[in-house]
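Chain by chain, the residues run as shown.
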Amino acid sequence: MYSLFPPEFFQLSVPLAAYLILSAILFTIGVATFLFRRSIITVFMAIELMLNAVNLTFVTFSNHFGKVDGQIFSFFVMVVAAAEAAVGLAIILMVFRNRATLQIDDFDTLKN
Amino acid sequence: MDLVLFLTFALIAVACGLNMALQRHPVSSALSLIGVMVSLAVLYVLLGAEFIAAAQLVVYSGAIMVLFLFVIMLLNAGAEKLTKKAGTAHFLGLPLLLILLGLSSWVITTATSHAKPVKFGAFTAGGPREVGWELFTHYVLPFEVTSILILIAIAGAYRLANKEMD
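Taken in order, these protein sequences are the chains called A and B. Note that the numbering used here has the first sequence beginning at 26, numbered continuously upward. Note that the numbering used here has the second sequence beginning at 75, numbered continuously upward.
In short, the hints are calculated from the structure, not lab data. It is possible that some hints are incorrect.
Once the Cα atoms are required to be at most 25 Å apart in a straight line, the calculated DMTMM-like pairs of lysine to aspartate or glutamate come out as [what the hints assert, rightly or not]:
1) B:LYS193 / A:GLU33
2) A:LYS92 / B:GLU204
3) B:LYS193 / B:ASP76
4) B:LYS193 / A:ASP94
5) B:LYS155 / A:ASP130
6) B:LYS190 / B:GLU204
7) B:LYS190 / A:ASP94
8) B:LYS193 / B:GLU208
9) A:LYS92 / B:GLU124
10) A:LYS92 / B:GLU218
Isolated chain A, as found in the complex (with noise of 0.2 Å):
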């Protein structure tokens, strides 16, 4: 490993941008998720890591600034996605149980 790289690579430190466009590469891929998946709890689990996806910005201009209001921030945005996945996995449990499918596009009753 050390011969492969030169020994000052081990001592680069990381830009500001590279966890920047991290996030947003992990917010696309939330929301590619979101848009071609079929399944409801597949879905359910996008909009989780695009939360997540912004809490590593939270966290990284928490880093940046040298406060601590964006981790405070981060740690809101983790207590409503966890009250959130309750009431919504128990939509999906009641969804479920009236329509016996998890295929989103069977749930069209609002549709036209």
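Based on these hints, arrange chain B on the given structure of chain A.
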């Protein structure tokens, strides 16, 4: 060592995210999402946010994902059927997403070109003591409001999942 750790766990996060998007079975997607969350917790430690990293492991990959897996296994959810009902999302979705990613990356790189790089150990105010101090002094009202929100969520989840409904 910062760059090595960042690259390793960023690659793990992106690979697990793509795996989540591409797997057909919900259990595989959920396990990939746990991979994303754990590698994000390592990145939080690199950013000096120890408390948030611990909360990420406990709340997200612990509680929320266990809830997800519990519901998947309770409903006996199998692999999803692929349908072509998405319509415009199938044709416009991917190009527009790539445009979004490209534009946001461009804005990020131009806006933070003069920012100082992230160095492990430069920011140490992310421990439980500092976060708790800030949480219970400046942010005590949002904290209490959140507790009411969770109470409502518990009541709502119980009401929704109750068998004797209507």
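A quick look at each hint next to the structure:
1. A C-alpha spacing of about 15 Å is found between LYS193 (chain B) and GLU33 (chain A), which places the hinted pair at or below 25 Å, so the restraint holds.
2. Under the criterion of a C-alpha separation no larger than 25 Å, the hint pairing LYS92 (chain A) with GLU204 (chain B) is consistent with the structure, at around 10 Å.
3. Proposed proximity of LYS193 (chain B) and ASP76 (chain B) is supported: the alpha carbons are some 7 Å apart, at most 25 Å.
4. About 19 Å separates the Cα atoms of LYS193 (chain B) and ASP94 (chain A), which keeps this hinted pair within 25 Å; it holds.
5. Restraint check for LYS155 (chain B) and ASP130 (chain A): the C-alpha separation of about 10 Å stays at or below 25 Å, so the hint holds.
6. At most 25 Å may separate the alpha-carbon atoms for a hinted pair to count; LYS190 (chain B) and GLU204 (chain B) meet this at roughly 23 Å.
7. Between LYS190 (chain B) and ASP94 (chain A) the CA atoms are separated by roughly 19 Å; this keeps the pair inside 25 Å, and the hint holds.
8. Simply put, LYS193 (chain B) and GLU208 (chain B) have alpha-carbon atoms about 23 Å apart, close enough for the 25 Å limit, and the pair holds.
9. Distance hint between LYS92 (chain A) and GLU124 (chain B) is fulfilled; the C-alpha atoms sit about 14 Å from each other, no more than 25 Å.
10. The hinted pair formed by LYS92 (chain A) and GLU218 (chain B) meets the criterion: a straight-line CA distance of about 22 Å does not exceed 25 Å.
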